[in-house]
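Participant: Below, each chain spelled out in residue letters.
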Amino acid sequence: MDERWKVTVNREACLGSGICAATAPRHFRLDNGKSRALQEDIEPDDIVLDTADTCPAEAIIVYNAAGHRIAPDTA
Amino acid sequence: MSDTTMVRSYPFGPIQGLEIDPVYFWLQEHEPLARVKLPYGEEGWLLTRYDDVRTALGDARFSLAEAAVRDVPRLTPQRYGGILTDQDPPDHTRLRRLVAKAFTARRVEQLRGRAGQITSELLDEMVTAGPPADLAQALALPLPGLMICELIGVPYADRDQFRDWVGAWMSVTALTPEQRGQYIAQLAGYLANLAAQRRQNPTDDLLGALVIASDEGDRLTEDEVVQLTLVILAAGYESTASQIVNFTYALLTHPSQLALLRSRPDLMPGAVEELMRWTPLLAAADVLPRYALEDVELSGGTVRAGEPVLLAKHAANRDRRRYEDPGRLDITRDAQGELGFGHGAHHCLGAPLARMDVQTALAALLERFPDLRLAVPEAELEWKSGMAIRGPVALPIAW
Numbered sequence: 699m700d701e702r703w704k705v706t707v708n709r710e711a712c713l714g715s716g717i718c719a720a721t722a723p724r725h726f727r728l729d730n731g732k733s734r735a736l737q738e739d740i741e742p743d744d745i746v747l748d749t750a751d752t753c754p755a756e757a758i759i760v761y762n763a764a765g766h767r768i769a770p771d772t773a
Numbered sequence: 350m351s352d353t354t355m356v357r358s359y360p361f362g363p364i365q366g367l368e369i370d371p372v373y374f375w376l377q378e379h380e381p382l383a384r385v386k387l388p389y390g391e392e393g394w395l396l397t398r399y400d401d402v403r404t405a406l407g408d409a410r411f412s413l414a415e416a417a418v419r420d421v422p423r424l425t426p427q428r429y430g431g432i433l434t435d436q437d438p439p440d441h442t443r444l445r446r447l448v449a450k451a452f453t454a455r456r457v458e459q460l461r462g463r464a465g466q467i468t469s470e471l472l473d474e475m476v477t478a479g480p481p482a483d484l485a486q487a488l489a490l491p492l493p494g495l496m497i498c499e500l501i502g503v504p505y506a507d508r509d510q511f512r513d514w515v516g517a518w519m520s521v522t523a524l525t526p527e528q529r530g531q532y533i534a535q536l537a538g539y540l541a542n543l544a545a546q547r548r549q550n551p552t553d554d555l556l557g558a559l560v561i562a563s564d565e566g567d568r569l570t571e572d573e574v575v576q577l578t579l580v581i582l583a584a585g586y587e588s589t590a591s592q593i594v595n596f597t598y599a600l601l602t603h604p605s606q607l608a609l610l611r612s613r614p615d616l617m618p619g620a621v622e623e624l625m626r627w628t629p630l631l632a633a634a635d636v637l638p639r640y641a642l643e644d645v646e647l648s649g650g651t652v653r654a655g656e657p658v659l660l661a662k663h664a665a666n667r668d669r670r671r672y673e674d675p676g677r678l679d680i681t682r683d684a685q686g687e688l689g690f691g692h693g694a695h696h697c698l699g700a701p702l703a704r705m706d707v708q709t710a711l712a713a714l715l716e717r718f719p720d721l722r723l724a725v726p727e728a729e730l731e732w733k734s735g736m737a738i739r740g741p742v743a744l745p746i747a748w
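From first to last, the protein sequence lines are chains S and E.
For the first sequence, the residue numbers in this note's numbering are 699 to 773.
For the second sequence, the residue numbers in this note's numbering are 350 to 748.
Hints listed in this document are in silico derivations from the structure and should not be mistaken for laboratory results.
Among the clues, some could well be false.
Straight-line C-alpha distance at most 30 Å; calculated DSS-like pairs for lysine-lysine [what the hints assert, rightly or not]:
{"id": "1", "chain 1": "S", "residue 1": "K704", "chain 2": "E", "residue 2": "K733"}
{"id": "2", "chain 1": "S", "residue 1": "K704", "chain 2": "S", "residue 2": "K732"}
{"id": "3", "chain 1": "E", "residue 1": "K450", "chain 2": "E", "residue 2": "K733"}
{"id": "4", "chain 1": "S", "residue 1": "K732", "chain 2": "E", "residue 2": "K733"}
Listed next, the stretches of chain S that the computed footprint assigns to chain E, with coverage defined by at least 3 CB atoms under 8 Å from CB atoms of chain E [as the list claims (entries may be wrong)]:
{"id": "5", "stretch": "713-719"}
{"id": "6", "stretch": "748-757"}
Here are a few chain S residues that sit away from chain E, every Cβ distance over 12 Å (derived from the structure) [what the hints assert, rightly or not]:
{"id": "7", "residue": "T706"}
{"id": "8", "residue": "A722"}
{"id": "9", "residue": "P742"}
{"id": "10", "residue": "N762"}
{"id": "11", "residue": "H766"}
Virtual Cβ for every residue (Gly too), placed ideally from N, Cα, C.
Assemble the whole structure, with the sequences as input and the hints as a guide.
Facilitator: Here it is, written out as structure tokens:
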């Protein structure tokens, strides 16, 4: 499996709640009060999807290898 | 180390209004890890510096799940806690993400028009009754109560009954554990019934979304749906209501800030952040102590694995290391990062809704009442005592 995901954080939208950095410290870190993805290109990891779903600002977007947005779930 | 460390009784002495006991600021300078003993539970460290409190809130080395199985420092015989607050990521994340979907800033933004409408109707009633009015009863309590009803999806016909239950549950008059249990059981029964209806007829509200989540595989049990909804009620109602009252009080007693906000309504979002920072909502440290899972180096010293920390968020929000002239209410300051809503995995789920309720209430008050004022001398205000949450019992206003 060489499926890769792409994680982006919209730092304009980020409210600095720190939920992501506490939930998935291997993927997110607060930098000057706002979140940053430690790596944009990652191996699939469900915690990243959960984290995107829990962001109150919907600032975290996850895309699959085909470029489709897979989180947050806007249903 | 604890052999030689002075142990202080906590909470400290009685508090007046929205004042913060100066001992917190002394501790920030001289004893940033202060040994404290609460009426119940083991001894713990009181953290007062912004950086330390923020670390304890946001760093995975500090655990809430551990607090659920320890003799946690507490004010009452019974421990405070429950679903969502007794778990750490990733267990906590499973529940949190299901509820979080209803609380995104975007979803809440869709309710802003409704909040404005409800506020306007409540203020119409207040004007009809004439001054003086108690802001708490006229606006601060009903607005968040009705907005939570909107969000959960409580039908209009049931709202008075529902608010009576919640109001009695959250009442400032002390209830016996039996009475409190009865109200919670009534509410839980009502919500279970409402959830069952949604299973038959799906809806777009929070309860409908939780029911769908519970029916998709084994993700949420029926009991979890009810418990989560109760947590949202408990966490979101009295705190928001108290802050609407406290923020109005703060502005009325800081006339230059009030005048500035009147002349610059665009400052409202930043003003609410600053009011969150400046206003001590809780009477003492956060009701949820954290436990260190390993030795953690803080600015004030080392917390050893297995030791609990208590977080004085109100003092941290006034730490001179983080905010210049921290005791001054300044609605033009950048208060971002304030800890009133917490920080990290347990950051307030309802923060976007609370912000919107408060912004809407304050904006409407300023716009409709150019001569808004306290109807009694400030010294005559009666403040809640013996409660976890601060605020005047009533805020008599005239206009």
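Participant: Given that the stretch 748-757 of chain S was listed as covered by chain E, double-check it with a C-beta distance under 8 Å for 3 or more residues.
Facilitator: holds (count 8)
Participant: Classify the label on T706/S as holds or violated, using whether its beta-carbon is more than 12 Å from each beta-carbon of chain E.
Facilitator: About 17 Å separates T706/S from the closest Cβ of chain E, which puts it past 12 Å; holds.
Participant: Far enough from chain E: is every CB of that chain over 12 Å from the CB of P742/S?
Facilitator: holds, 15 Å
Participant: Hey, does H766/S actually stay past 12 Å from chain E on C-beta?
Facilitator: Since the minimum Cβ distance to chain E is about 19 Å, H766/S lies beyond 12 Å and the statement holds.
Participant: Grab the minimum beta-carbon distance between N762/S and chain E and tell me whether it stays above 12 Å.
Facilitator: holds, 19 Å
Participant: Within a Cα-Cα threshold of 30 Å, do K450/E and K733/E meet the stated pairing?
Facilitator: violated, 34 Å
Participant: If I take the minimum Cβ distance from A722/S to any residue of chain E, is it greater than 12 Å?
Facilitator: violated, 8 Å
Participant: For the pair supplied as a hint, K704/S and K733/E, is the alpha-carbon distance within the 30 Å limit?
Facilitator: Judged against 30 Å, a Cα distance of about 51 Å means the pair is violated.
Participant: So if I understand the rule, the pair passes when the alpha-carbon distance is 30 Å or less; does K704/S with K732/S pass?
Facilitator: Judged against 30 Å, a Cα distance of about 19 Å means the pair holds.
Participant: Assess, step by step, whether the Cα of K732/S is no farther than 30 Å from the Cα of K733/E, and give holds or violated.
Facilitator: violated, 36 Å
Participant: If you count the residues of the stretch 713-719 of chain S with a beta-carbon closer than 8 Å to a beta-carbon of chain E, do you get 3 or more?
Facilitator: Check passed, 6 qualifying residues.
Comparing the model with each numbered hint stated earlier shows that hints 1, 3, 4, 8 do not hold.
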